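Chains as they are written, first to last, in this note's numbering: chain A, 4 to 376; chain B, 4 to 376.
Derived from the structure by calculation, the hints contain no laboratory data. Don't take each hint at face value.
As the list claims (entries may be wrong) - Just so you have them, the derived chain B footprint on chain A, three or more residues with Cβ under 8 Å: (1) 34 to 45; (2) 203 to 215.
Unchecked claim - Incomplete in silico selection of chain A near chain B, CB under 7 Å: (3) PRO70; (4) GLU77; (5) ARG315.
All figures in this text were calculated on a predicted structure; none of them were measured in a lab. Backbone N, C-alpha and C define an ideal beta-carbon position, used for all residues, glycine too.
There are 2 protein chains.
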Amino acid sequence: MHFEILYQSSKSKARVGRIHTPHGIIQTPGFVAVGTNGTIKSLSTDLVEKIGLELMFCNTYHLLLQPGTDVVREAGGLHSFMNRSMPLITDSGGFQVFSLAYGSVHDELKSRGKKKGDGSVLKITEDGVLFRSYRDGSKVLLTPETSVQAQKDLGADIIIPFDELPPYHIGEEALKFSLARTHRWELRSLAAHLKEPKRQAMYGVIHGGIDQSLRRLSCETLTKEPFDGFAIGGSVGKNRQELLDLISFTRPMLPDDKPNHLLGIGDLPSLHELIPLGIDTFDSSYPTKAARHGFLFTKTGGLKILQTCHRRLFVPIEPGCTCPTCQTTSLAYLHHLFKAKELTAYSLATIHNLHFMVRTMEEIRKNICEDRL
Amino acid sequence: MHFEILYQSSKSKARVGRIHTPHGIIQTPGFVAVGTNGTIKSLSTDLVEKIGLELMFCNTYHLLLQPGTDVVREAGGLHSFMNRSMPLITDSGGFQVFSLAYGSVHDELKSRGKKKGDGSVLKITEDGVLFRSYRDGSKVLLTPETSVQAQKDLGADIIIPFDELPPYHIGEEALKFSLARTHRWELRSLAAHLKEPKRQAMYGVIHGGIDQSLRRLSCETLTKEPFDGFAIGGSVGKNRQELLDLISFTRPMLPDDKPNHLLGIGDLPSLHELIPLGIDTFDSSYPTKAARHGFLFTKTGGLKILQTCHRRLFVPIEPGCTCPTCQTTSLAYLHHLFKAKELTAYSLATIHNLHFMVRTMEEIRKNICEDRL
C-alpha cells in the first residue's frame, strides 16, 4: 500500500490523497460503505462498482460464521468470491464479539450500561474471546492470531488488528486495563500479519474511549509500530460534540504521512466537520440502512419517501442527479414501490444514497483542492 | 395490434409468431412474467428489459388500490410510470376480487371448496362486485366499465375484459349462471373498450371451467365478437392431465389467425406439452417466486441453492448460461447470500430464472421452425 497526498488545504487539516492498493486507488477523503456479508444489501457487486464506491467494508465476524473464511479462501479470497475488482477492508471481528458481550453501543448508551449481552460470549481472557456461533451453536475462539488468519483468508486490501471494544460506561481502571490488553492484542495481530503480509495493509486502531490521556497513550504506543495507517475506534463520544472534541484532540497525534480512518461514522453533518480535522476515510452503514427505511439523501438534507406528498410527484429524487435511480425513476414510482413493500424499492433507494455519498465526497475533494473547505 | 404467423409446425399445432404492439414485438410462443405492482419483484425495470422479457403482466386490482390508477394515468400510463419501453398486459381485477370471495384457487382446491373468502367482498350483482380495499377500508365497485376504465388509465398494450372466476368446486347450474354473466360482462367490457380503443388490444377470456360443453359455448359466444385475441381462463383443471385435456379440446375452437394466451400457467413441463397444442403465450409468477425461494432453473430441472452441497461450488448455476448472474456469480456465493438472507440473493436468482425462461422460449421457437417440436 502506498499513500500519496495530492493537496493539503491551507485553511484546515483537510487533505486530498490517494491510497494505492493491489485492487486500485481509494481517493480520500472517501466514504466507505458497509457490506457486512460480502454484499451491499440489495445491490449486485457490479452495480456497486458502477456507482464508483472505491472502498467497501466487510465484517470478518459475519463471514467467519457464514460462509466460513475457509470457503472464501477456497474461492480465491473475498474479491473473487463476490466478484469485486475494487478495494476491500475487513475488520477484526472484535467489534461484533464485544457487542455480544456488552450489548451494542447504541443499546448500551440508551440503557446507560445496564443492558448486557445475550450470553453468547463464554470467556474473555488474555488469549482472546471464546463465543458461541449464532448459526450452529459451535464454540469459536477469536484471538489476535485467529482474527488475522481469518482476514488473510478473506484477503482484503486493508485489515484491522484484533481489539476490544469496551463499553461507553466503564470505570477508569477497567478502561486502562482494556486499553493495555488491546495494545498487546494489536501488537500480536501485527506480528501475525507481518509473518505473511500477502500485499495486505494493516491499520492500527487507536483506543482510549473519551479519556484524552488514554487516547494520547494509545497514539504514542501504536504510532511507533509499523502499521500502514491508523483507524480511530472504540467509544468516540455519545454525541457529535464529544466526537468532534475527541477527533480534534486525537487526530494531530497521528502521522500525517499515513492514511487514517474513522470507524463507524458516516452521517453527512459529521463528515463535513470531521474532514477539516484531517480525517481521510469513514465507514458507515447509515446511507444504506436509511435507504431501506425510505430516507433518501438530497442536497437540502433528505426526504422520507413514504410521505404522501410524494404520491404524484413525477420527478426524480433530486433534479440533476446522475444516479441510475434518478435517471429512470420518479418520486411517485418510488413512493408506490415503498408503499407496496416491493424489494425493488430498497435497491433503487440504496443506489441513490450510495451514489449521493460518492458524489458528495468528490465535491468535497474538489472544494479542498480549490481551498474552499 | 397485428398478429403475424411466421411458421406453422407440420408436426403439431405449434406455431411461431409475432404480436406487433405499440411498444414493440412479442415473439410467440412467449413467456410472460408477472409484475403485480408494476415491478418484477427485486428487479429494476431496465434489468428486466435487458434480460429480454418482451411481455410483462401487471395486476389491475393491486394497482387500483395502490397507487391508484388515477396516479398512473397522471404519470402518463404504466409504461411511463415504471419506465418500461416494452409491451405490457393487464388483467381485469376479476381474478383477485373473486379470489377474495371464494378463496384462492389453491386454497380452494386444497380445502375441496370448504374454505371461503375473508369477507372483504360485500356484494356481487349483475352490475359487478363491491369490495372493501385492504389498504384503507374504502368500498370499491368493480364493474366491466370501471375495470376497463382502470385499464385505460394504466394503458397496457393488451387488456382483459371483466370476468368472474368461479370456484373449481361449483355445481353445474351455478357454473352455467356464472358463465352467462361472464359473457355479458365481457361484452360490456368490449363495448366500453371500443368506445375509446386508445391503441390497446383486448383479449376475450374463454370460461366454462372443466365442462367441455360450456367451454364450447364460451368459444362460440366470444369468438364471434371483435376481440383481438383470446385468453383461456377460469379453472383449467386440478392437475396437468385435466389441463391438457381441456386445452386439447378448447384450443381448436379458437381462431388460428388471432393470438391466444393461457392465464396463470408457466411451469416448464406444462409449457412443453401446451405449446404443441397451439398456445402462444403464458403468464406465471412461478419462475420469479421459485427464485426468491432459492429454486434455480437448469436444463436438467433445477437446483435448491440452500442445499449444503453448493457451499463450495465455485461455478455458475449452469455452465454456458449467459445471464448476468451466471456471468458474475458462483453457486457458493449465491448459497452464502441465501443463507445470510441477503436481499441481493433474490435479485440474482430472479435474473437467472427469468433469463432462463426467455432463452427456453427462444429455443422452443427455433425448434418449431426446424420442425423438431
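Structure-based check of all given hints:
Here the region 34 to 45 of chain A counts 6 residues with a CB under 8 Å from a CB of chain B, which clears the bar of 3, and the coverage holds. Proximity of the region 203 to 215 of chain A to chain B, defined as three or more residues with a beta carbon under 8 Å from a beta carbon of that chain, is not established by the 0 residues found. The interface hint given for PRO70(A) is met, as the beta carbon of that residue sits about 4 Å from the closest beta carbon of chain B, less than 7 Å. Hint on GLU77(A) holds. Least Cβ distance to chain B is approximately 6 Å, under the 7 Å limit.
At about 6 Å, the closest approach between the beta carbon of ARG315(A) and any beta carbon in chain B falls short of 7 Å, and the interface hint on this residue holds.
In this structure, only the earlier hint numbered 2 is contradicted, and the remaining ones agree with it.
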